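Here the protein sequences come in this chain order: A, B, C and D.
Residues 1 to 253 (our numbering) make up the first sequence, in order.
Residues 1001 to 1101 (our numbering) make up the second sequence, in order.
Residues 2001 to 2541 (our numbering) make up the third sequence, in order.
Residues 3001 to 3328 (our numbering) make up the fourth sequence, in order.
These are calculated hints, taken from the structure and not from any lab test.
Don't take every hint at face value.
[Stated by the list, open to error] With a Cα cut of at most 30 Å, we get these calculated DSS-like pairs of lysine-lysine:
#1 K3277/D / K3245/D
#2 K33/A / K2026/C
#3 K33/A / K106/A
#4 K33/A / K216/A
#5 K106/A / K216/A
#6 K3280/D / K3245/D
#7 K106/A / K1060/B
#8 K1060/B / K216/A
#9 K3222/D / K3113/D
#10 K3135/D / K3245/D
#11 K1067/B / K216/A
#12 K3113/D / K3135/D
#13 K2006/C / K3051/D
#14 K2026/C / K214/A
#15 K3222/D / K3277/D
#16 K1067/B / K33/A
#17 K3108/D / K3222/D
#18 K33/A / K214/A
#19 K3245/D / K3222/D
#20 K2026/C / K216/A
#21 K3277/D / K3135/D
#22 K3108/D / K3135/D
#23 K214/A / K106/A
#24 K3222/D / K3135/D
#25 K2006/C / K2026/C
#26 K3280/D / K3222/D
#27 K3051/D / K2341/C
#28 K106/A / K1067/B
#29 K1060/B / K33/A
Just so we're clear, the structure is a prediction, and the values are computed from it rather than from any experiment.
Each chain, letter by letter, is given below.
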Amino acid sequence: MSNAVVHADIHGQAHAAHHPALRHHFDTMGQQKEAAVIGMWVFLLTEILFFGGLFAAYMVYRVWYFDAFAEASRSLEIFWGALNTAVLIGSSLTMAMAVRGAQTNKRTATINWLILTMLLGCVFLGVKVIEYAEKIEHHHVPGFNYQWAPAHEAAPAAEGVAAEGHRKLSLTPEQLQLMTQIYFSLYFTMTGLHALHMIVGIGLMSVITWMTWKGKFDREYYTPVEMSGLYWHFVDIVWIFLFPLLYLVERHT
Amino acid sequence: MSGHVSPVGLYVTIFGALTVLTALTVFAAFVDLGQFNFLVAMVIAVFKASLVIWYFMHVKYASHLTKLTVATGLFFLVILLSMTLIDYSSKAFTPMPPFLQ
Amino acid sequence: MLDKLKIPERHYLNNGHSLASWLLTKDHKRIAIMYLISISVMFFLGGLFAIGIRLELATPQGDFVTADTYNKFFTMHGVIMVFFFLIPSIPAVLGNFLIPPMIGAKDLAFPRINLISLYIYWIGGVFTLYAMIAGGVDTGWTFYTPYSATGSNTNVVPTAVGVFIAGFSSILTGLNFIVTIHRMRAPGMTWFRLPLFVWAHYATSLVQVLGTPVVAITIVMLGVERALGFGIFDPARGGDPVLFQHLFWFYSHPAVYIMILPALGVQSELVSTFSRKTIFGYSFVAFSSLAIAVFGFIVWAHHMFVAGISTYAAMVFSFLSFSVAIPSAVKVFNWTATLYKGAISFETPMLYAYGFLGLFAIGGLTGLFLATLGLDVHVHDTYFVVAHFHYIMVGGAIMGYMGGLHFWWPKMTGRMYSEFFSRVSAIMVFVGFNVTFFPQFVVGYLGMPRRYHSYPDEFQVLNVMSSAGATVLGLGYALPVLYFLWSLRYGAVAGPNPWRASGLEWQMQSPPLTENFVETPIVDTEPYEYEHVVSREKHLV
Amino acid sequence: MQIFGIPIFPDQASTFARDVDVLYFFILAVCALFATGVAITVIYFGIRYHKTHDGEIGARIEGSLPLELLWSVIPTIIAMVMFGWGATVFYHLRRPPDEAMHIYAVGKQWMWKFQHLEGQREINELHIPAGQPIKVTISSEDVLHSLYFPAFRTKMDAIPGRYTELWFEAQRPGSYHIFCAEYCGTNHSGMIGTVTVLEPAQYQAWLQGGGLEGTLAQRGAKLFNDLACSTCHVDTGQGRGPSLKGIIGTTVDLQSGDTVTVDEAYLRESILNSQAKVVKGFQPLMPTFQGLISEENLVALIEHVKSMSPNASATAAPPTPAPAGGKK
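Required output: the full structure, derived from the provided sequences and hints.
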């Protein structure tokens, strides 16, 4: 067992340059950070499949009830959707800058970028509140006396005459009432879950901002900032897919 | 060993690209491409997502294992979506919605 | 040599006695012990429901309990056994305890997340126990809509929340194992020097991480539908109940591989150790674990052949389902080949290994009947299916768990249990199990459907045989509790390597130190080398 | 088949029951071969290579590629044989012959309602003629059920919101079980019944005896007049609605430009939701009967319209694989 002895002293030297954040069961900071990154990505795998289940349900019902999905999707405000996408991409940028600040040991820059990211997150949630309020007002929330009457459209004139600008819908009001209810069930589940993830993200980041302010991070150890960055970028990617799927089902007629 | 520090310019260009692509998605939605509308929207979304993953999430500079983890997740998502379609695309009829009851 | 051994003064069990030292521990071994206690409680609770079911089925008329109570019995039996015993059993107890020492690490990659996983398991358990006390749930462990969404008025949402939360405990354990196995192996511990136990847990963790989220979102959709009145799966509002089945089985079939793969890992260890021979075809057995994990994800619709999926989809999934049978067959053949020219001894773990080999073979082979389309139409949702998955779950997963527990008990507690009583209980379990579940194959092919509170008279004799076997099985499982507890105080001192096994975990003291090894070992030998074990032995004692 | 009075094998009462059983015995034989082979080998090795002295170590055998390939390729081939055979039996099981006699089955929480074309309605009871292929179209009114005839070796789930179907041809007269095989709540185990297979002659006698208000189509005709359908759907075609004479199976073009083949599903949709697919050249004046017509009357009306067509047995909604109906 001679090599056991040899190993001891190599190990001994490694102990000397000991970063306070190095946990006892890791050998080097690099190993610890690499483990954290892979652990975070494995967690993001579970999130990908978590939202994946919803996308599978959305895909199936979109194939079945395409017309109703198109009709219901038209009732969403494109402006809010596009604005939200831009806001979220902006917050991804500020988050990336915050991680960069942590990497380069600029504490105040990191804090400012983090606060900016959280602000943009709140803007996003505010826009969602506006959209939800508009839906509640139009009774488009399934389960709470869901009424499908596309408010902003003139009621289709005579039964048989195609309202101009709309492909003649082969669906009757009863059918629409049922099928669009599926759309809005999925809409609220997906955007609700996404908003919940945003709230968790903002909470996470406020803790990270406090820790940065307390000076817990430096060039060697900024893993929590990077982890919340990965999480935030993931939440942005989910919205990148949600926006076209929910808002732009069929806008061109 | 701090991770790869990307230049600020890179981040801003990526941000610009993402904004342009968002505008492109919205614009493409108003163009009647029939069946391809969905495809175009998804291609743009996938491209935007890969930009975010590659540059913002530093996977470009990460270890092979991280890249493999990302790939595994997407592979199993594709399995979930495509194999559910095996059943739904080969069903002879869409279900009769309940009002037909 | 055994008698002059004594329990080492300092080890992980006496490293702090306060409640906080246990409840806030970051030591993977203590977390494993707490998991062991928790899942044993859940196992016996699930077992009580099983006894209730077997008593009810002893008579054709439903005269032991009312139909509703019986439905709640089999639902709680299913939910508790699947989500709170089988899925966490080997990974959370044996995996948590043994993977770090097996790869030469001090602890898992994320000890705090490991503790959180335990707390999440407890919270999930509390929700499910609340649902049980508040009147139970009667939808079956599969929660099929529309019955679970609109038909049932029992506590579906609390149970669903309990299962949803317990799912995250499984995800966190899987996540921890993947990162640990990738990044925390000792120097010299290459992938092909890893024990097959670690390979099996790596494959299990992949399935845990990739499958569990889909059942989590399915339960969220069910909860949203039931609580908020959304109509995602509600056929009356255009939803599709078959979609729920698709999303549910996308996880729940890989979940059965979460349950069996760790047991396959334990089996490889036991067969190799007790035939004193390196495993036959190491890389084939290792890769067959990965193959099972990956193929497990593309076969789920064989649970839905008669559920209204298209004929084309049924053919595709039936074809793919056979692909999963091949790796399992390869494993069984490799274990058999390992015994060739070995020095086989029949201590208790080897008895469990032999039992496992027989029962898992039958369980796996009957899976072929169910994957064959022509037969599945007849036997789907009958007792044939019940017998099949009990052969895999009880004959496989629980036999593997018991075998592993008996094999590593000396390492976990430093004490040996009574060899005689453990052999008696192993044989009782094997005999009781076969008498319980083999008649169910026959009554299944006769056409007796599952989840029946009362049944036509001609099935009675076979059901009485099954109920009789269940009592023997129940006793067989009660016995280990006695001699394991007895061994804690009166058991012979085990010493570091009572079985002369070859794993790294046998090179540390038992019970081990909190940091496992004095200093990180260097691995320079192939995995199952028994020549070196005897030489190393002299150095340690 | 029984041993000491214990039934151990179900009766073979339908044509393909024998095919399913032959397949069952084939797989049983293969599995028994493998299981006993492994068991004998394992027990023999256990005895032959039992440990003689403490510290004895087994031979150093790493593995052998040819052996591994052997027991990977052979099980794969056997598995493919099983798959192929099973798939052919399944394909046969799921393709009802065209001349099958049609029966409607509706699963409702804890009872099976069967509806013969001749008008008989039975609950948890089913009388069928032997030697005649029978197609049962199944639906459910509340939760999932599964119509299961163990003696005929066939089963199909009843899904609310959709038609599924199964078929069999009963051979041996006698009474056999009907079970519900998909858990459906409290009295799931009470949702059982007996199917009685009668000789064709006995069946006709049973029909006569049991026929209440004549055949389904006759009842449909009476409804056709009571609900004033005949005022618009005049056979001569001059009425405000299209003539329904001989319309089954033909394709009509719709107001919206699409065309649709007139089958049960279209008839059903047009009765319950008349504005959905209005035929070209007609005003959508027909009121919707959604909620006004019970399930049985709806089926009777459809049968009446079908009886007005020359080829009596119209094609129901074909469940065989064809591209999905919904546009994407």
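Now for the hints, and whether the structure bears them out:
no.: 1; hint: K3277/D / K3245/D; in the structure: holds, 19 Å
no.: 2; hint: K33/A / K2026/C; in the structure: holds, 19 Å
no.: 3; hint: K33/A / K106/A; in the structure: holds, 20 Å
no.: 4; hint: K33/A / K216/A; in the structure: holds, 15 Å
no.: 5; hint: K106/A / K216/A; in the structure: holds, 12 Å
no.: 6; hint: K3280/D / K3245/D; in the structure: holds, 17 Å
no.: 7; hint: K106/A / K1060/B; in the structure: holds, 23 Å
no.: 8; hint: K1060/B / K216/A; in the structure: holds, 27 Å
no.: 9; hint: K3222/D / K3113/D; in the structure: holds, 23 Å
no.: 10; hint: K3135/D / K3245/D; in the structure: holds, 25 Å
no.: 11; hint: K1067/B / K216/A; in the structure: holds, 29 Å
no.: 12; hint: K3113/D / K3135/D; in the structure: holds, 15 Å
no.: 13; hint: K2006/C / K3051/D; in the structure: holds, 28 Å
no.: 14; hint: K2026/C / K214/A; in the structure: holds, 25 Å
no.: 15; hint: K3222/D / K3277/D; in the structure: holds, 25 Å
no.: 16; hint: K1067/B / K33/A; in the structure: holds, 16 Å
no.: 17; hint: K3108/D / K3222/D; in the structure: holds, 27 Å
no.: 18; hint: K33/A / K214/A; in the structure: holds, 21 Å
no.: 19; hint: K3245/D / K3222/D; in the structure: holds, 16 Å
no.: 20; hint: K2026/C / K216/A; in the structure: holds, 22 Å
no.: 21; hint: K3277/D / K3135/D; in the structure: holds, 28 Å
no.: 22; hint: K3108/D / K3135/D; in the structure: holds, 19 Å
no.: 23; hint: K214/A / K106/A; in the structure: holds, 13 Å
no.: 24; hint: K3222/D / K3135/D; in the structure: holds, 26 Å
no.: 25; hint: K2006/C / K2026/C; in the structure: holds, 27 Å
no.: 26; hint: K3280/D / K3222/D; in the structure: holds, 28 Å
no.: 27; hint: K3051/D / K2341/C; in the structure: holds, 10 Å
no.: 28; hint: K106/A / K1067/B; in the structure: holds, 29 Å
no.: 29; hint: K1060/B / K33/A; in the structure: holds, 16 Å
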